[in-house]
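Participant: Here's the letter readout for the chains.
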Amino acid sequence: MPEKILGDTMLRAHVSALPVPEFAETAWTPPPPLSEARVAVVTTAALHPEGGEALTPWATSYGVLDASQRNLVLGHWSQNFDRSAFTIDPNVVYPLDRLDELAADGTIGSVAPRHFTFAGNQPDDVSAVRLDGGPACAAELKADGVDVVLLTPV
Amino acid sequence: MEAAGLSTVAISVIRAMPERMRPPRALHCEFPIGRPLGKPGDAAFQHDVLRRAFALLERESGPVLEDHPETIVADEQPISCPMPARFDPDLPPAVDEARGIRGAYDRSRARRGVTNVGRAMDADTVPEALAALKQIADGADWKSVRLPGKNTVAVTLDIRSYYEEAALELADGPAPGPRAAEAWFFEKTEAGALVLAARAEIKRQGAQEGIWLYMAPVQR
Chain V
22 MPEKILGDTM LRAHVSALPV PEFAETAWTP PPPLSEARVA VVTTAALHPE
72 GGEALTPWAT SYGVLDASQR NLVLGHWSQN FDRSAFTIDP NVVYPLDRLD
122 ELAADGTIGS VAPRHFTFAG NQPDDVSAVR LDGGPACAAE LKADGVDVVL
172 LTPV
Chain B
2 MEAAGLSTVA ISVIRAMPER MRPPRALHCE FPIGRPLGKP GDAAFQHDVL
52 RRAFALLERE SGPVLEDHPE TIVADEQPIS CPMPARFDPD LPPAVDEARG
102 IRGAYDRSRA RRGVTNVGRA MDADTVPEAL AALKQIADGA DWKSVRLPGK
152 NTVAVTLDIR SYYEEAALEL ADGPAPGPRA AEAWFFEKTE AGALVLAARA
202 EIKRQGAQEG IWLYMAPVQR
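Residue numbers (the numbering used here), protein chains in the order written: chain V, 22 to 175; chain B, 2 to 221.
So that you can see chain V by itself, here it is in the shape it has in the complex (with noise of 0.2 Å):
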């Protein structure tokens, strides 16, 4: 019998060929100390609350989600990734238990009062993103007085 081909396999060898935008500078802004700081997630899971307003494949805008949700809803269009860990708990995407434990034992300083979600499908250059949906939503992590985001991908 053929040996199982396994699908993170096969996708960590697609995605690895694909052409990526590549930066001669990395930006970098120094963060305050860890215990003042105030901690956004920013995920492409593309999650939305039941009902509330989806992200359509391929969408370069992003949702909000206000921290006190909690149930929501796995957006992203894609079976190429293990859908059901978020189904058992989405902390293994969308850590906000844990970050309101890092607050309460002052490892971070706060959690922000809203994090923010896109889509992860998206094309090769990503630059919608880059130029337009990216920067309006670090706008609105500013304006929320955010210091260190933590990015997660599914």
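Rather than coming from a laboratory, the hints here were simulated on the basis of the structure.
Each hint should be verified, as a subset may be incorrect.
[As the list claims (entries may be wrong)] Cross-link-like lysine-lysine pairs, in silico, PhoX-like; alpha carbons within 25 Å at most:
| no. | chain 1 | residue 1 | chain 2 | residue 2 |
| --- | --- | --- | --- | --- |
| 1 | V | Lys25 | B | Lys204 |
| 2 | B | Lys204 | B | Lys151 |
| 3 | B | Lys189 | B | Lys135 |
| 4 | V | Lys25 | B | Lys189 |
| 5 | B | Lys135 | B | Lys151 |
| 6 | B | Lys204 | B | Lys144 |
Since the structure is predicted, the reported quantities are computational estimates derived from the model, not experimental observations.
Once you have looked at the hints, place chain B on chain V.
Facilitator: Just chain B now, with coordinates in the frame of chain V:
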């Protein structure tokens, strides 16, 4: 975001991405794709990932790319999941099966307070969608079969969500491992076999790749 004055730290699941794009700070986690914090239901492990990610904020210059020391492989071993017996032998097997697990789906939804079914249809429509896929698998012109939402990908994502949410109630033992629910759906259920058969038939009928390919994970 970094250029706008925010300090970012990315969890990476495909190492070539931070290697080539050079974001300011990335913790590569060779974990199953879909599990960036590694282990659902394991708060201690998730805290370990966050501690290592946030530690990168102490660096004075970058880009920084570090690896989490643990590797977790999605081995796609199907969950063990007892299924209700056939009830109505006159129905297509997948339709009968979907009706049989409705109670488990409802319990799962009530327990979590949310469902991922709803992209193209609600749970009541799942048997009807499977009946439509059966017509396609049997050779009907896929364009003329009435598929809820008229979107093959949305329909199959909803069917998968319905089954996998039910499986969380039906499965024996601990929470499913990585891609274990997927493997169960496509390898052990009538509905999974039907999705793959309908997908093959839509391909055979000459539809564009985007119509059929994403009805299932690429390796299937």
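Participant: Next, verify each hint and record whether it holds.
Facilitator: Taking the hints in turn, this is what the structure says about them:
Proximity of lysine 25 of chain V to lysine 204 of chain B is assessed by CA-CA distance (about 23 Å); at most 25 Å being required, the pair is judged to hold. Taken as a hint, the lysine 204 of chain B and lysine 151 of chain B pair is honoured in the structure, with Cα atoms around 16 Å apart against an allowance of 25 Å. The suggested pairing of lysine 189 of chain B with lysine 135 of chain B holds, with an alpha-carbon distance near 17 Å, which does not exceed 25 Å. A hinted pair counts as satisfied when its Cα atoms are at most 25 Å apart, and lysine 25 of chain V with lysine 189 of chain B qualifies at roughly 16 Å.
Our distance criterion of 25 Å between C-alpha atoms is met by lysine 135 of chain B and lysine 151 of chain B, whose separation comes to about 15 Å. Between lysine 204 of chain B and lysine 144 of chain B, the direct Cα distance comes to roughly 12 Å. Compliance with the 25 Å bound is thereby established for this hinted pair.
Hint compliance for this structure: no hint is broken.
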